[in-house]
Amino acid sequence: MTVTDLAEQLNLKPLAGMGGAQNDVLTCYAGDLLSWVMGRAKEGSVWLTVMGNVNAIAVATLADCACIVLTENAPLDEDARQRAELQNVPVLSTDLNAFEMSVKIAGLL
Amino acid sequence: MAGLKLTYDIPSAEDDFTRAGEASGSVKKKLRQIGYSPEAIRKVSIAMYEGEINVAIHAGGGEAQVEISSDCVTMKLIDHGPGIPDVEKAMQEGWSTAPEAVRNLGFGAGMGLPNMKKYTDSMDIETEVGKGTTITMVVKA
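Which chain is which? The protein sequence lines are Z and A, in order.
Numbering-wise, the numbering used here puts 6 at position 6 of the first sequence, and it's gapless, one number per residue.
Numbering-wise, the numbering used here puts 1068 at position 68 of the second sequence, and it's gapless, one number per residue.
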């Protein structure tokens, strides 16, 4: 399943970095502490977080996340949006919380 | 293959925290071009990013020296910051001295040094309180 498929099936709103829309979604990880996520999220993860800052984009890139999903409509900073565009890190948005989103993703994987 | 040597300036978090991750991103790109295995690239990326963040947050910036050869990547992070008074404590997961401002950005989980150790094949810490810290990490290809 690609990020595009995920976005369509779960009605996620693309915010930036859709150059990476064909990234393969393999699993899911939820968390807001960047180093924690960095050390534990597996490659190809959909990363559920409320951290919409530029450092989150760096973590997603380096940890090879498939995409970031900002839960509960958490905002994406402008410099983070630009970085996501530049590095093709898809960032999507949902009004669901991390639990509700996880349950939905689990049904697709 | 002769070693490829790269040097990066790591700015202080107070001056420019948006640049944190540039050095590790650049090294990752180089390793991809060279054809390193995805697993080794991931290990280098994580360890190097954690190192960069530590230097930016705790030491007021510093330098990263990276040497890439056909069999390993050696990353040396050099700073002239406050040093680490208790390395054993700093190596414990969850132990953090990160200031409030960077905690609000999602840092300060106390996973920096533990991640660096976890994702490298060797890590050596030389530190002196008041003088600075040099951390050398090696990831095998």
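Honestly, the hints are just simulated from the structure, not real lab data.
Among the clues, some could well be false.
[Unchecked claim] Some chain Z residues near chain A, calculated using beta-carbon distances under 8 Å:
hint, residue
1, T2
2, D5
3, A30
4, D32
5, S35
6, W36
7, G39
8, M51
9, V54
10, A56
11, L62
12, E78
13, E100
14, S102
15, I105
16, L108
[Stated by the list, open to error] Calculated pairs, DSSO-like style, for lysine-lysine (alpha carbon to alpha carbon, straight line, at most 30 Å):
hint, chain 1, residue 1, chain 2, residue 2
17, A, K1076, A, K1030
18, A, K1005, Z, K13
19, A, K1005, A, K1131
20, Z, K42, A, K1131
21, A, K1089, Z, K13
22, A, K1117, Z, K42
23, A, K1118, Z, K13
24, A, K1076, A, K1005
25, Z, K42, A, K1089
26, A, K1030, Z, K42
27, A, K1118, A, K1131
28, A, K1076, A, K1089
29, A, K1131, Z, K104
All of these numbers come straight from a predicted model, not from anything done at the bench.
Note that the Cβ used here is the ideal one computed from N, Cα and C, for glycine as well.
To see whether the hints hold, each was checked on the structure:
{"no.": "1", "hint": "T2", "verdict": "violated, 18 Å"}
{"no.": "2", "hint": "D5", "verdict": "violated, 22 Å"}
{"no.": "3", "hint": "A30", "verdict": "violated, 13 Å"}
{"no.": "4", "hint": "D32", "verdict": "holds, 6 Å"}
{"no.": "5", "hint": "S35", "verdict": "holds, 4 Å"}
{"no.": "6", "hint": "W36", "verdict": "holds, 4 Å"}
{"no.": "7", "hint": "G39", "verdict": "holds, 4 Å"}
{"no.": "8", "hint": "M51", "verdict": "holds, 5 Å"}
{"no.": "9", "hint": "V54", "verdict": "holds, 5 Å"}
{"no.": "10", "hint": "A56", "verdict": "holds, 7 Å"}
{"no.": "11", "hint": "L62", "verdict": "holds, 4 Å"}
{"no.": "12", "hint": "E78", "verdict": "violated, 11 Å"}
{"no.": "13", "hint": "E100", "verdict": "violated, 21 Å"}
{"no.": "14", "hint": "S102", "verdict": "violated, 19 Å"}
{"no.": "15", "hint": "I105", "verdict": "violated, 21 Å"}
{"no.": "16", "hint": "L108", "verdict": "violated, 24 Å"}
{"no.": "17", "hint": "A:K1076 - A:K1030", "verdict": "holds, 17 Å"}
{"no.": "18", "hint": "A:K1005 - Z:K13", "verdict": "violated, 42 Å"}
{"no.": "19", "hint": "A:K1005 - A:K1131", "verdict": "holds, 25 Å"}
{"no.": "20", "hint": "Z:K42 - A:K1131", "verdict": "violated, 37 Å"}
{"no.": "21", "hint": "A:K1089 - Z:K13", "verdict": "violated, 43 Å"}
{"no.": "22", "hint": "A:K1117 - Z:K42", "verdict": "holds, 18 Å"}
{"no.": "23", "hint": "A:K1118 - Z:K13", "verdict": "violated, 35 Å"}
{"no.": "24", "hint": "A:K1076 - A:K1005", "verdict": "holds, 11 Å"}
{"no.": "25", "hint": "Z:K42 - A:K1089", "verdict": "holds, 27 Å"}
{"no.": "26", "hint": "A:K1030 - Z:K42", "verdict": "holds, 22 Å"}
{"no.": "27", "hint": "A:K1118 - A:K1131", "verdict": "holds, 26 Å"}
{"no.": "28", "hint": "A:K1076 - A:K1089", "verdict": "holds, 21 Å"}
{"no.": "29", "hint": "A:K1131 - Z:K104", "verdict": "violated, 51 Å"}
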